[in-house]
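Q: Let the sequences and hints guide you as you build the complete structure.
Order-wise, the sequence lines are chains A and B. First residue of the first sequence: 1, per our numbering; consecutive thereafter. First residue of the second sequence: 1001, per our numbering; consecutive thereafter.
Hints listed in this document are in silico derivations from the structure and should not be mistaken for laboratory results. The beta carbon of each residue, even a glycine, is placed where N, CA and C say it ideally should be. Do not rely on the hints blindly, as some may be mistaken.
[To be verified] Simulated pairs of lysine to aspartate or glutamate, DMTMM-like, Cα-Cα distance not exceeding 20 angstroms:
#1 B:K1337 <-> A:E315
#2 B:K1333 <-> A:E334
#3 A:K369 <-> B:D1385
#4 B:K1333 <-> A:E373
#5 A:K369 <-> B:E1415
#6 B:K1484 <-> A:D272
#7 B:K1434 <-> B:E1415
#8 A:K418 <-> A:D291
#9 B:K1369 <-> B:D1385
#10 B:K1337 <-> A:E391
#11 B:K1384 <-> A:E334
#12 B:K1325 <-> A:E322
#13 B:K1340 <-> A:E315
#14 A:K340 <-> B:E1315
#15 B:K1188 <-> B:E1130
#16 A:K340 <-> A:D311
#17 B:K1159 <-> B:E1222
#18 B:K1271 <-> B:E1261
[What the hints assert, rightly or not] Computed far set for chain A versus chain B, every beta-carbon distance over 12 angstroms:
#19 K225
#20 K298
#21 G320
2 protein chains.
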Amino acid sequence: MDSSHASSANDPWTSWDNATTGDGWAARQETRQKNSSSNNWDPATFGHPQAYQGPAAADDDDWDDDWDDPKSTPASYLEYKDPETSDPAGLQRGNSRGAAMKIPLNKFPGFAKPGVEQYLLAKPLVKPKEKIPVIIGDYGPMWIYPTSTFDCVVADPKKGSKMYGLKSYIEYQLTCTNTNRSVNHRYKHFDWLYERLLIKFGSAIPIPSLPDKQVTGRFEEEFIKMRMERLQAWMTRMCRHPVISESEVFQQFLNFRDEKEWKTGKRKAEKDEIVGVMVFSAMEPEAPDLDMIEIEQKCDAVGRFTKAMDDGVKELLTVGNEHWKRCTGPLPKEYQKIGKALQNLALVFSTSAYQGESDLNEAITEAGKTYEEIASLVAEQPRKDLHFLMETNHEYKGFLGCFPDIIGAHKGAIEKVKEADKLVATSKITSQDKQNMLKRVSTMSYALQAEMNHFHSNRIYDYNSVIRLYLEQQAQFYETIAEKLRQALGRFPVM
Amino acid sequence: MDSSHASSANDPWTSWDNATTGDGWAARQETRQKNSSSNNWDPATFGHPQAYQGPAAADDDDWDDDWDDPKSTPASYLEYKDPETSDPAGLQRGNSRGAAMKIPLNKFPGFAKPGVEQYLLAKPLVKPKEKIPVIIGDYGPMWIYPTSTFDCVVADPKKGSKMYGLKSYIEYQLTCTNTNRSVNHRYKHFDWLYERLLIKFGSAIPIPSLPDKQVTGRFEEEFIKMRMERLQAWMTRMCRHPVISESEVFQQFLNFRDEKEWKTGKRKAEKDEIVGVMVFSAMEPEAPDLDMIEIEQKCDAVGRFTKAMDDGVKELLTVGNEHWKRCTGPLPKEYQKIGKALQNLALVFSTSAYQGESDLNEAITEAGKTYEEIASLVAEQPRKDLHFLMETNHEYKGFLGCFPDIIGAHKGAIEKVKEADKLVATSKITSQDKQNMLKRVSTMSYALQAEMNHFHSNRIYDYNSVIRLYLEQQAQFYETIAEKLRQALGRFPVM
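A: The structure is reproduced here in structure tokens:
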């Protein structure tokens, strides 16, 4: 029992797998809670290669700093206390032990389950001001893409301090490409945004985790560079998403004019009640309702695909990580040894006092140096190609780790609708209620399909780009080595 | 005590290092005997990479077979019994435990020491019929090279049997390029030749060991091929040596006409008394006697050079062996994993039901297959380049392992001559005896210099050839990989 639990504890997919058998909701919910500490960015297993990770520091200045106004977060989300960590907000996500967790939406036993019912049975369903349109395009249901897109450049990390220098932190400059205006944010602000996005959109849209929090080491500059690169990737991802990028909370994060506006916006976002499954109430697909069979099939297909891709991505990360270690560790050391051995041999040869062998000895020395150069090339190469392949797969692992929750929400809704006839028969709900439920679960399915179409189009673009880059860089790498070897060869006397 | 002895037991150089300090001959002689089981072809340390070595077999058909006439070997050489192995001839050289030993010339306590005196003090010094001329050429003392050289092609290994099929063995066909006539020989015949050459020339000329004897495995064909390749290298080496190739024993080995002639020649060779240091009696350098200071300097220089080169060669063999293991083991496995991971990912992608991604998925699949091809290329490459580098270094390790004995003989002679004045003063020898000693030690020095010049010219040629080949093959290898990657890259759709 215990060992099987342990082996699945790290896999967010376990809950969903279980959900397809057994007695449905209760079993799933229970499994969920067990697995709520599952971590998709576990650095021990799939974390980034050692090159980027210094030893974990006990303290992250950028984080330990309290919020200015800790009471501004609505009580309904923050009453939960993580029993193990006493983290007041249950928000502790990444830590040095690799026991990071996502915002535990499913840890609110009284919330998630009624959440589905609340959305499916609300009468009337209040339509929020902030709409999320779903249309039917060439590829099926899709989000509406804004006519002009923008990116956000994360740059210029600066050390700031407060409390008379007692607390220091790193502040990044964020500049939107459409407005060309800049705002400054610390890591903990990103983390706040991530949390808001997850709470608001997490049932419909995968929100990948931010880079790990507490991994900070001796090479501070290297660490800051790496974190900035990942924050940049995360921001670009968010800017690329038509729903996220257009959302009020996201826009406010990028476009506040002063401290006061930022705080007002922050409080407003934290009071937003259109969160969790209620986000679907903002959607109005312009299309006829789907039938239940199709809805269930689509949901299962998404589950199968994302689970399979999660496995594939993890496999690639595992082998990539192994390859990274070899390329930056034993392999260049070996080339260095070959280089040294050749140079030593030439040195010995030069003591022979035999005439006319100096050309050979110089050539052997150069060949030895060439192998030392190859050692450096080999050691540096992963940063030029494997790094990007790894980063992309990390990002996707982050996305994919969100799907068990998304699919869980959809399956929960589907189960509810399946019970509808019984509820009507026992007069617990009306026929109209049942019709509403069908319409709303259909909306959820449209949303899921729209999101999957967005996901697929991004996936195709991203993997095409990153594998092309990888192959191009690898080819160049081998060409460079071959060229150096030919140069070394050219120095040998012809006998 | 014991541990320091153990650590030096494998290094033939220990004896020589010791000889330069302490009380000379006696100490050296003692150390020698301790180290007589030292092995320069120890497969555990510097043996050929695993690819060639199957697990050792308990029995080597090619060897266990007794000689037809075991009594034909002169008693003076064969009375010694190895106390550990009870090998009647003390000839056991290579075995599966890596405790191979050379013909233990120094294991005859009553022989080696008088040997030097016997040569230095013989009156008159009988000049054998078989002369070994030493001349002074452009590079100093040198052997006379025959006007026409020849090689000997080892080919066509055939299984033979005798005793009504109870004993079977492998016979190789040896064809001299000058006569174009062939003779057949079994491994044990090569071994007999090696033994004769070592006994006859071992004080003047390094005779590298034959390939290991008892390393035979399940892949018999592979083993025979490897052994033949190494016998070929050994024969070519011997044919290239002006003294060895012209010697009666060597010529007889290659040119006997029938079984009877072979046996007669064999018996004659075994009765040859011009062996050990007495081989120098066959030499008549056409040059004035060298002075003792020069003789000693030359001898020390040879000692330093060959010791340093031995270290250099061993270093290259160690790193080469390590590299061989990586290239044939973990590295291709990793490329295979990368290939499989890419193909798996493409397989998952193809289940997305999203339109228009089949080009990408095919390209990723092909990229995956390319990495599988790269895995094979990587695994096969060492046979195309590193193999030859290793073989050449093995050969030189064999040569270099002979030098402690050669230098030991020279140093022994030098010590004797240094004692000459005292011996003259105590009337143990005459002034004429002393003059003879000086002349003879000078002859030894000319011989050593001639052999070193032969050694250097071969070394320069061999290392130039093999490193060129290595670099050329390595460059081609990397070019092939780059080309394959570019092909894979070309299949990706441009977006």
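Q: With a cut-off of 20 angstroms on the C-alpha distance, tell me whether K340 of chain A and D311 of chain A pass.
A: violated, 42 angstroms
Q: Decide if the proposed pair is consistent with the structure: K1333 of chain B and E373 of chain A, CA atoms, cutoff 20 angstroms inclusive.
A: Answer violated: K1333 of chain B to E373 of chain A is near 25 angstroms, above 20 angstroms.
Q: Please verify whether K1337 of chain B and E391 of chain A have alpha carbons no more than 20 angstroms apart.
A: Holds, because 19 angstroms separates the two Cα atoms, which is no more than 20 angstroms.
Q: Decide if the proposed pair is consistent with the structure: K418 of chain A and D291 of chain A, CA atoms, cutoff 20 angstroms inclusive.
A: holds, 12 angstroms
Q: Given the hinted pair K1340 of chain B and E315 of chain A, is their alpha-carbon gap at most 20 angstroms?
A: Between K1340 of chain B and E315 of chain A the Cα gap is close to 9 angstroms, so the pair holds against 20 angstroms.
Q: Straight-line Cα separation of K1325 of chain B and E322 of chain A no greater than 20 angstroms?
A: OK: K1325 of chain B and E322 of chain A at ~17 angstroms, within 20 angstroms.
Q: So if I understand the rule, the pair passes when the alpha-carbon distance is 20 angstroms or less; does K1159 of chain B with E1222 of chain B pass?
A: Holds, at about 14 angstroms.
Q: Tell me if the straight-line CA distance from K1271 of chain B to E1261 of chain B falls inside 20 angstroms.
A: holds, 15 angstroms
Q: With the threshold set at 20 angstroms, check whether the alpha-carbon distance from K1384 of chain B to E334 of chain A stays at or below it.
A: This hinted pair holds, its Cα atoms lying about 19 angstroms apart.
Q: Between the alpha carbons of K369 of chain A and D1385 of chain B, is the straight-line distance 20 angstroms or under?
A: Holds, at roughly 19 angstroms.
Q: Would you check the hint for K369 of chain A and E1415 of chain B, treating anything up to 20 angstroms between C-alpha atoms as holding?
A: violated, 43 angstroms
Q: Is the claim that G320 of chain A lies outside the interface with chain B correct, judged by CB distances over 12 angstroms?
A: violated, 8 angstroms
Consistency with the previously given hints fails for numbers 4, 5, 6, 9, 15, 16, 20 and 21, ordered from lowest to highest.
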